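Student: Here is how the chains run, residue by residue.
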Amino acid sequence: GENVEQHPSTLSVQEGDSAVIKCTYSDSASNYFPWYKQELGKRPQLIIDIRSNVGEKKDQRIAVTLNKTAKHFSLHITETQPEDSAVYFCGAYFGGGSYIPTFGRGTSLIVHP
Amino acid sequence: NAGVTQTPKFRVLKTGQSMTLLCAQDMNHEYMYWYRQDPGMGLRLIHYSVGEGTTAKGEVPDGYNVSRLKKQNFLLGLESAAPSQTSVYFCASSLQGGSGANVLTFGAGSRLTVL
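Read top to bottom, the protein sequences are chains X and E.
Counted from 1, the first sequence has number 72 at position 72 by the working numbering; the numbering is strictly sequential.
Counted from 1, the second sequence has number 100 at position 100 by the working numbering; the numbering is strictly sequential.
Only chain X is shown next, with the shape it has when bound in the complex (with noise of 0.2 Å):
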């Protein structure tokens, strides 16, 4: 069936650093990527998305690129906070005709103070 990898499972980094988190899709008739990010005991809640016909978005420290030709996207967050410290997941929409998301398995950005 189709599939979202996404990479890495985990992601340490320092304070003030930039943080990637990349995902792959099966899909070529994938059209809307979105990210959701889920701090230790809450709800997963949307942070960015995107759409097949923009290649770039931007939302103060966080951005997401998507490539279709190699049919993956990617998460940045720049100069990082203990508050960004969470998991994150990245999702595609799937066809068929519902059209409902499949998520990877998440990463876990850890932002060392």
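Hints were generated in silico from the structure; no laboratory data involved.
Remember, predicted model here, so these are calculated numbers, not experimental data.
One thing to keep in mind: the hints can contain errors.
In the DSSO-like style, the derived pairs of lysine-lysine whose C-alpha atoms are separated by at most 30 Å in a straight line are [said to hold, decoys possible]: (1) K57/E with K42/X; (2) K22/X with K57/E; (3) K57/X with K68/X; (4) K71/E with K9/E; (5) K71/E with K42/X; (6) K37/X with K57/E; (7) K22/X with K37/X; (8) K37/X with K9/E; (9) K71/E with K37/X; (10) K71/E with K68/X; (11) K42/X with K70/E.
Once you have looked at the hints, place chain E on chain X.
Tutor: Just chain E now, with coordinates in the frame of chain X:
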């Protein structure tokens, strides 16, 4: 506006017992989902519904049943609980599917332990 509410938040079951998790949303969303979250496995889709009266299987449906008799409620049932079903369960909803209005709103999660 409560968003997505899950009950119960915690539950301990013995192997073979049954239970139902309730998800309620007050946003008039069409789509609803049940995910389970296990360490290192991410969010895996159990079942989903694209509207009142409809349900469909996700990635890991075995051992679970669902019902969507009312648009605002999505019930997840375990008929005979097994230790492998120990997990955190998240319900989510979205206005629609596809690339239109598909931002997921998640509930707070339900932690289930099967002994």
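Student: For each hint, tell me whether it holds in the structure or not.
Tutor: Tested hints:
1. With a C-alpha separation of about 26 Å, the suggested pairing of K57/E with K42/X holds against the 30 Å cut-off.
2. Proximity of K22/X to K57/E is assessed by CA-CA distance (about 28 Å); at most 30 Å being required, the pair is judged to hold.
3. Distance hint between K57/X and K68/X is fulfilled; the C-alpha atoms sit about 14 Å from each other, no more than 30 Å.
4. Between K71/E and K9/E the alpha-carbon distance is near 22 Å, which keeps this suggested pair within the 30 Å criterion.
5. For the proposed pair K71/E and K42/X, the alpha carbon gap of about 25 Å is at most 30 Å, so the pair holds.
6. The hinted pair formed by K37/X and K57/E meets the criterion: a straight-line CA distance of about 25 Å does not exceed 30 Å.
7. Of the pairs offered as hints, the one joining K22/X and K37/X holds, with about 14 Å between alpha carbons and a cut-off of 30 Å not exceeded.
8. For the given pair, K37/X sits about 20 Å from K9/E by alpha-carbon distance, which is consistent with the 30 Å threshold.
9. Using a Cα cut-off of 30 Å, the hinted pair K71/E and K37/X holds, with the two alpha carbons roughly 27 Å apart.
10. Taking the CA atoms of K71/E and K68/X, the gap is near 36 Å; set against the 30 Å cutoff, the hint is violated.
11. A threshold of 30 Å between alpha carbons decides the hint, and for K42/X with K70/E the separation of about 27 Å falls inside it, so the pair holds.
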